[in-house]
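A.B. asks: Chain by chain, the residues:
Protein chains: 2
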Amino acid sequence: MTPEQSPAEQRPATARTVFFVSDGTGITAETFGHSVLTQFELRFRQIRLPFIDTVDKARDAARKINEMAAVDGQRPIIFSTLVQAELSSIIRQCNGMHMDLFQTFVAPLELELGVKSTHTIGRSHNIVDSEEYKNRIEAINFSLAHDDGQSHRNLADADVILVGVSRSGKTPTSLYLAMQYGIKAANYPLIPDDFERGKLPSALYEFKNKIFGLTITPERLTEIRNERRAGSKYASIENCRYEVNEAEMMMKREGIRWLSSTTKSIEEISTTILQEIKPNRREY
Amino acid sequence: MTPEQSPAEQRPATARTVFFVSDGTGITAETFGHSVLTQFELRFRQIRLPFIDTVDKARDAARKINEMAAVDGQRPIIFSTLVQAELSSIIRQCNGMHMDLFQTFVAPLELELGVKSTHTIGRSHNIVDSEEYKNRIEAINFSLAHDDGQSHRNLADADVILVGVSRSGKTPTSLYLAMQYGIKAANYPLIPDDFERGKLPSALYEFKNKIFGLTITPERLTEIRNERRAGSKYASIENCRYEVNEAEMMMKREGIRWLSSTTKSIEEISTTILQEIKPNRREY
Numbered sequence: 001m002t003p004e005q006s007p008a009e010q011r012p013a014t015a016r017t018v019f020f021v022s023d024g025t026g027i028t029a030e031t032f033g034h035s036v037l038t039q040f041e042l043r044f045r046q047i048r049l050p051f052i053d054t055v056d057k058a059r060d061a062a063r064k065i066n067e068m069a070a071v072d073g074q075r076p077i078i079f080s081t082l083v084q085a086e087l088s089s090i091i092r093q094c095n096g097m098h099m100d101l102f103q104t105f106v107a108p109l110e111l112e113l114g115v116k117s118t119h120t121i122g123r124s125h126n127i128v129d130s131e132e133y134k135n136r137i138e139a140i141n142f143s144l145a146h147d148d149g150q151s152h153r154n155l156a157d158a159d160v161i162l163v164g165v166s167r168s169g170k171t172p173t174s175l176y177l178a179m180q181y182g183i184k185a186a187n188y189p190l191i192p193d194d195f196e197r198g199k200l201p202s203a204l205y206e207f208k209n210k211i212f213g214l215t216i217t218p219e220r221l222t223e224i225r226n227e228r229r230a231g232s233k234y235a236s237i238e239n240c241r242y243e244v245n246e247a248e249m250m251m252k253r254e255g256i257r258w259l260s261s262t263t264k265s266i267e268e269i270s271t272t273i274l275q276e277i278k279p280n281r282r283e284y
Numbered sequence: 001m002t003p004e005q006s007p008a009e010q011r012p013a014t015a016r017t018v019f020f021v022s023d024g025t026g027i028t029a030e031t032f033g034h035s036v037l038t039q040f041e042l043r044f045r046q047i048r049l050p051f052i053d054t055v056d057k058a059r060d061a062a063r064k065i066n067e068m069a070a071v072d073g074q075r076p077i078i079f080s081t082l083v084q085a086e087l088s089s090i091i092r093q094c095n096g097m098h099m100d101l102f103q104t105f106v107a108p109l110e111l112e113l114g115v116k117s118t119h120t121i122g123r124s125h126n127i128v129d130s131e132e133y134k135n136r137i138e139a140i141n142f143s144l145a146h147d148d149g150q151s152h153r154n155l156a157d158a159d160v161i162l163v164g165v166s167r168s169g170k171t172p173t174s175l176y177l178a179m180q181y182g183i184k185a186a187n188y189p190l191i192p193d194d195f196e197r198g199k200l201p202s203a204l205y206e207f208k209n210k211i212f213g214l215t216i217t218p219e220r221l222t223e224i225r226n227e228r229r230a231g232s233k234y235a236s237i238e239n240c241r242y243e244v245n246e247a248e249m250m251m252k253r254e255g256i257r258w259l260s261s262t263t264k265s266i267e268e269i270s271t272t273i274l275q276e277i278k279p280n281r282r283e284y
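From first to last, the protein sequence lines stand for chains Y and X. For the first sequence, my numbering begins at 1 and goes up steadily by one. For the second sequence, my numbering begins at 1 and goes up steadily by one.
All the given hints hold, so there is nothing to weed out.
Since the list can't tell identical chains apart, any single copy or any two copies may satisfy a pair.
Simulated crosslink set (BS3-like; lysine-lysine; CA at most 27 angstroms straight-line):
#: 1; residue 1: Lys-57; residue 2: Lys-278
#: 2; residue 1: Lys-134; residue 2: Lys-233
#: 3; residue 1: Lys-252; residue 2: Lys-208
#: 4; residue 1: Lys-64; residue 2: Lys-278
#: 5; residue 1: Lys-233; residue 2: Lys-199
#: 6; residue 1: Lys-278; residue 2: Lys-210
Hints listed in this document are in silico derivations from the structure and should not be mistaken for laboratory results.
Pulled out of the complex, with its shape left as it was, chain Y reads as follows (with noise of 0.2 angstroms):
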């Protein structure tokens, strides 16, 4: 409840602070105040405080607003996620330009649903029991076991198998599908050996359909790979044109689809997969 402060003489002034307040883990509030903030090219100082759940804990937070802005010399921004409206309005009586999310969305929701809301705290990553959760954990799990072609074990479980030439991104993507979805997502390397048969590794041809393939420029590959083994055979870019050439013919070949992941995030490709694999259980 202390965030770490950095000398105020050492802020340049143009640094205007930003406050992330929740009754929860502050990631709502968090997720959408950068989405925001990213708009504008300005540099912003930021700083959470989570679990603000009681009234004490409340003024606790407006005390440390208010002083910041009284440092400051400017008000600070805060985006809020505070579902009790006691706690509410006792933030937004500190001196700061105020973003308050559920305030702003849930009272027009509450009139088109024609329901009250709960307003329980914390809900929505306060969620260990739900089928939603156990999903993800267990397909953190999964993707973990399946990394690196690793295991064939339960292959038939997997709603995606990723493939793709050594640090073309599939364990981040794989990781990022299960933790953020609940994706099995498991993941194979398509390695010289493949391309000398001219085949994809043997255990994949009955999951054809669940098969999704990453790749890179050749450009790209040799950077990434020169700082994990630099000077290697492995990191030149000779041998990465070679990878990179024969897995694009071999998914070609297979009829596999694939994109490249060379200018996107892991975000951007796990939406990409999802809409294109469409696993059976869910809807995206």
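Fit chain X to the given chain Y structure using the hints.
C.D. replies: Frame of chain Y; chain X shown alone:
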């Protein structure tokens, strides 16, 4: 762009349809929308429409929303994060209840900050070249390489080292910290060998200030372990009681901060760890 649809007649009349419309991945709209919707004890049918970044795609999305309104016989709820006014206004003409996150908050922020927003499409998750994104990918690789005490190398680079008995939640928490916050999180199991010696794994003493413990009730632990190895000594309630008790005594003795993961999600655990550990590199 064609979300999978179950036949309308299979949907209960009470399930309101919700669209998440975005020019990027839709993750911000969805995170925020879920958070608000959990405040209502209703079932919702959720459809994502990501990458709506041209007029044609916006018109296509609008058509889908209108069709769904007609099929449902009630207007859908629409959470949208569209930074371009032209696209936003196409969606706003749909038959729906509009929760336009950017239009609601960006304009007041422009006034407050005294600068225009950039209106850059899909910016929040299109960040491959940023330092922050590279840190996240590096942290994922670090956390994977240091999962379950696999490696003692580079522990000095770890931001956090999680310890706890097997299946107390260390692995998913480490990966979440890495993926969401770019935190390099190693994790070490506390095992019967450690309890007999009465000491932490020796590689850890040097880094005691970065250690954080997870514990869990023996009752929950036996459940989780029985899912993996039913009927084993490892999973028995007696053994779980023994291990949990020993681990908690060791953490007390060594002055290690810890929390119980029993009823907490990986989001809640991670947020608490960030508050306690305060990794050097950033503020949280």
